[in-house]
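> Sequence:
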Amino acid sequence: MEQEQLAQIVSLRRALHSCPERAGCERQTKARLMEFLAEHTSLTLHDQGLWFYAAHREGDGLPGLAFRADFDAVPVEGGAAHLCGHDGHAAALCGLALLLEGKRIGKNVFLLFQFGEESGEGGEACCALFDREQVDEIYGAHNLPGYPMGQILTRPGTMACASCGVTVRYIGAPAHAAYPENGRSVAPAVGSLLTELPTLANPADYHSMVLCTVIGCRMGEKAFGVSAGTSEVWLTLRAAENGDFQRLRQRVLERAKALADRDGLTCEITLQDVFPATENTPKAAEKVLSVCGGVLLPSPMRWSEDFGWYLQRCTGAFFGVGASEDCPPLHTAGYIYPDALLPITAEAFYRLAEAPLL
0 MEQEQLAQIV
10 SLRRALHSCP
20 ERAGCERQTK
30 ARLMEFLAEH
40 TSLTLHDQGL
50 WFYAAHREGD
60 GLPGLAFRAD
70 FDAVPVEGGA
80 AHLCGHDGHA
90 AALCGLALLL
100 EGKRIGKNVF
110 LLFQFGEESG
120 EGGEACCALF
130 DREQVDEIYG
140 AHNLPGYPMG
150 QILTRPGTMA
160 CASCGVTVRY
170 IGAPAHAAYP
180 ENGRSVAPAV
190 GSLLTELPTL
200 ANPADYHSMV
210 LCTVIGCRMG
220 EKAFGVSAGT
230 SEVWLTLRAA
240 ENGDFQRLRQ
250 RVLERAKALA
260 DRDGLTCEIT
270 LQDVFPATEN
280 TPKAAEKVLS
290 VCGGVLLPSP
300 MRWSEDFGWY
310 LQRCTGAFFG
320 VGASEDCPPL
330 HTAGYIYPDA
340 LLPITAEAFY
350 RLAEAPLL
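Sequential numbering from 0 applies to the sequence shown in numbering that gives the first Met the number 0.
Heads up, a few of these hints could be off.
[As the list claims (entries may be wrong)] Now the in silico label distances, taken between C-beta atoms and shown as ranges: (1) Glu-1 with Val-213: 20 to 26 Å; (2) Val-213 with Cys-126: 27 to 33 Å; (3) Arg-312 with Ala-176: 14 to 20 Å; (4) Asp-260 with Gly-60: 36 to 42 Å; (5) Thr-265 with Ile-104: 56 to 62 Å; (6) Met-33 with Ala-172: 53 to 59 Å; (7) Ser-289 with Gln-27: 21 to 27 Å; (8) Ala-172 with Glu-324: 52 to 58 Å; (9) Gln-245 with Ala-222: 39 to 45 Å; (10) Pro-62 with Thr-265: 52 to 58 Å; (11) Ala-14 with Asp-272: 25 to 31 Å; (12) Gly-292 with Arg-312: 26 to 32 Å; (13) Gln-133 with Asp-204: 40 to 46 Å.
To be clear, the hints were calculated from the coordinates, so they are not data collected in a lab. Beta carbons are placed, not taken as given, at the ideal position from N, Cα and C, and that holds for glycine.
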């Protein structure tokens, strides 16, 4: 990458960093990205509302290749902040656009700029790209603090775990605390559910890692004359394989409802932040390792990434780019995407763009 190109995407990343926006609200971010591409490239821009894609077209009937970057920020108290590096991901994809300018590589290339990764909704919505364009393979990348600067890491199969947030709401009937038998307390069902979670997530019942994490619980009010008539339990379910994730979710939800039936309660269950496992196509992961000089990641990342929606529709792989061993962890106050990763990521994308399709 030429110094002028690098300076352009560094300036872009810093501009994006200065205007963080939550998932679904990324209006300024999207506008800045589209303006940059319109000013510095001849790519065709396709505005899809909350998201957009840019097309490097070389001819009808040619194979298609896609690269994806997210651009939302992490929700924080009072607003949002780029604590996950999506500002860098988007700027690096713009770097690929600069590298493609004026080149012919024998294929059409689509640069997908995605909203709403933190909430898990963006990837599913942006799968509309596959209905609009011929895409034979798709790739994406995430910066990885704790690994050597610029090191490419990926693996066949699961790269990042499936997860979802679960809210279990029990509704009973309050009663005077001196006569609890006159009501229907939610406390026994809540207690049973919380104590049974380790059994429901027993590793022996699954093929891969599963977790059921208690996020919190709210029950009744701090009014010592009234028994608890309502409650909410907040859980995060997680698994390294989609099959195990579906099994874990089914077991927890069925048991939550059974406990409600046992105690004569109403049970309302809400799912949010749903992420499928990011399961790389083995040959695509091997291609990343070969073309980009990467190393094998020994086990899946426990966090989730909605790139998994794309891999349910298309051949492809997701990979990490080391952000250095002393880089602060993602989603912490001290984290800032290292600008040194921008040319490394953009050039890795370009090598994949030049490589033969599988």
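> Tell me, in ascending order, the numbers of any earlier hints that this structure violates.
1, 3, 4 and 7
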